[in-house]
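Trainee: Take 14 as the starting number for the sequence shown in this note's numbering and just add one per residue.
Calculated directly from the structure, the hints in this document are not laboratory data. One or more of the hints may lead you astray.
Think about it this way: if two alpha-carbon atoms lie no more than 27 Å apart in a straight line, the pair counts; the simulated DSS-like pairs of lysine-lysine are [what the hints assert, rightly or not]:
1. K271 - K223
2. K271 - K253
3. K271 - K40
4. K346 - K140
5. K253 - K40
6. K113 - K140
7. K223 - K268
Computed beta-carbon distance windows for the label pairs [as the list claims (entries may be wrong)]:
8. R191 - L153: 33 to 43 Å
9. D117 - R272: 23 to 33 Å
10. P101 - F294: 19 to 29 Å
11. P156 - R65: 40 to 50 Å
12. E276 - A100: 44 to 54 Å
Glycine is no exception: its CB is placed at the ideal position from the N, C-alpha and C atoms.
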Amino acid sequence: MIDTITGYLGDQAESLLSHVCQTIPQKSLHLPGPDYLDTIFTQTDRPIPVLRSMAALFGHGRLGGTGYMSILPVDQGIEHSAGASFAPNPVYFDPENIVKLALDAGCNAVASTLGALGSVARKYAHKIPFILKINHNELLSLPPIHDQTLFASVEQAYDMGAAAVGATIYFGSPECRRQIQEISEAFARAHELGMACILWAYLRNPGFVKDGVDYHTAADLTGQANHLAATVGADIVKQKQPTNNGGYTAIGFGKTDKRVYSELTTDHPIDLTRYQVANCFMGRIGLINSGGASGAADFADAVTTAVVNKRAGGMGLISGRKAFQRPMNEGVKLLEAIQDVYLCPEVTIA
């Protein structure tokens, strides 16, 4: 298994597999593991039924019982248009194939829309945990509106037997204060009904692009988004992996500290992601990184992202387009390649 992983990493293998984090030590983190729920979440204010839902998520699929997660998210029919998302593989216009892919690949859960999951709920909700994404940004509006709108209620998620609800907040956007209030209230209600809550903690503001550099995935800015996500009651945070740092200082806004850049991070991807984990209450709230868009080197990119996430102290990967925009058997292999990173004992915490 480690030889296959090393092969996918290529020239990056030595740097990624041998790196020792000298910024935030691993002993400061609350790390994923078979006892994660018992040692971390039983200390929280979450109702007992939420712990049962979390146990369902952690207990399913190839990573069941490890404390790590592999989730298939397919809400791109709204977020990126159905045509753009499913034309590469039209079988996924049928939501049943989305669920089948997650099942065949041994994922912990499948995340999708009210309509998609609702259309097959009675057949599959008891076979794999459902995560109902309750808000979306749609691209049919003209001129485009970059906002997250509620498409579903928490009660609808409960009625279809979902184990969790998912939502996005565009932190930094003009609408984010409203979104924070909406989703905080929705997560409180989901917890009352016994469901876990996953937040897509994304950044969205044209001001985050400065002098040609895109800081939407800067470690310092995404780290703060993670901290806000944990603050509104997320049980798991989904975040894009950092590609740079210094968003606060380059843009010249907000508040930061020079030690964020001199002591708590370096330019190594594992150290940048470690800073994201630290902002998730030092790992008390799990960090799952997104898999990103599909491209020519999907397998290598997905395995690299998984290695960085695991070695930084993250909880797993949520990868969609790389998997469903290819034949189903290849999608299964890609998701299994991601899962193998978390199953491989030689890939350790940095």
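Trainee: With respect to the beta-carbon atoms only, verify the hint that D117 and R272 lie 23 to 33 Å apart.
Mentor: Given a distance of about 47 Å, which is not inside 23 to 33 Å, the answer is violated.
Trainee: For the pair supplied as a hint, K271 and K253, confirm whether the alpha-carbon distance does not exceed 27 Å.
Mentor: Holds, at about 23 Å.
Trainee: Holds or violated: 19 to 29 Å for the Cβ distance of P101 and F294?
Mentor: violated, 38 Å
Trainee: Is it true that the CA of K271 sits at most 27 Å from the CA of K40?
Mentor: Holds, at about 23 Å.
Trainee: For P156 and R65, compare the CB-CB distance with the range 40 to 50 Å and indicate the outcome.
Mentor: Holds - the Cβ-Cβ distance for P156 and R65, about 45 Å, lies within 40 to 50 Å.
Trainee: Are K113 and K140 close enough, with their CA atoms no more than 27 Å apart?
Mentor: Measuring from Cα to Cα gives roughly 10 Å; hence the hint holds.
Trainee: Decide if the proposed pair is consistent with the structure: K271 and K223, CA atoms, cutoff 27 Å inclusive.
Mentor: Holds - the C-alpha atoms of K223 and K271 are around 20 Å apart, at most 27 Å.
Trainee: Between K253 and K40, does the CA-CA distance stay at or below 27 Å?
Mentor: Measuring from Cα to Cα gives roughly 24 Å; hence the hint holds.
Trainee: Lying within 44 to 54 Å: is that true of the beta-carbon distance E276 to A100?
Mentor: Holds, at about 47 Å.
Trainee: Could one say that the CB atoms of R191 and L153 fall in the range 33 to 43 Å?
Mentor: violated, 21 Å
Trainee: Is K346 close enough to K140, meaning Cα to Cα at most 27 Å?
Mentor: holds, 20 Å
Trainee: Tell me if the straight-line CA distance from K223 to K268 falls inside 27 Å.
Mentor: Holds, at about 17 Å.
In this structure, the earlier hints numbered 8, 9, 10 are contradicted, and the remaining ones agree with it.
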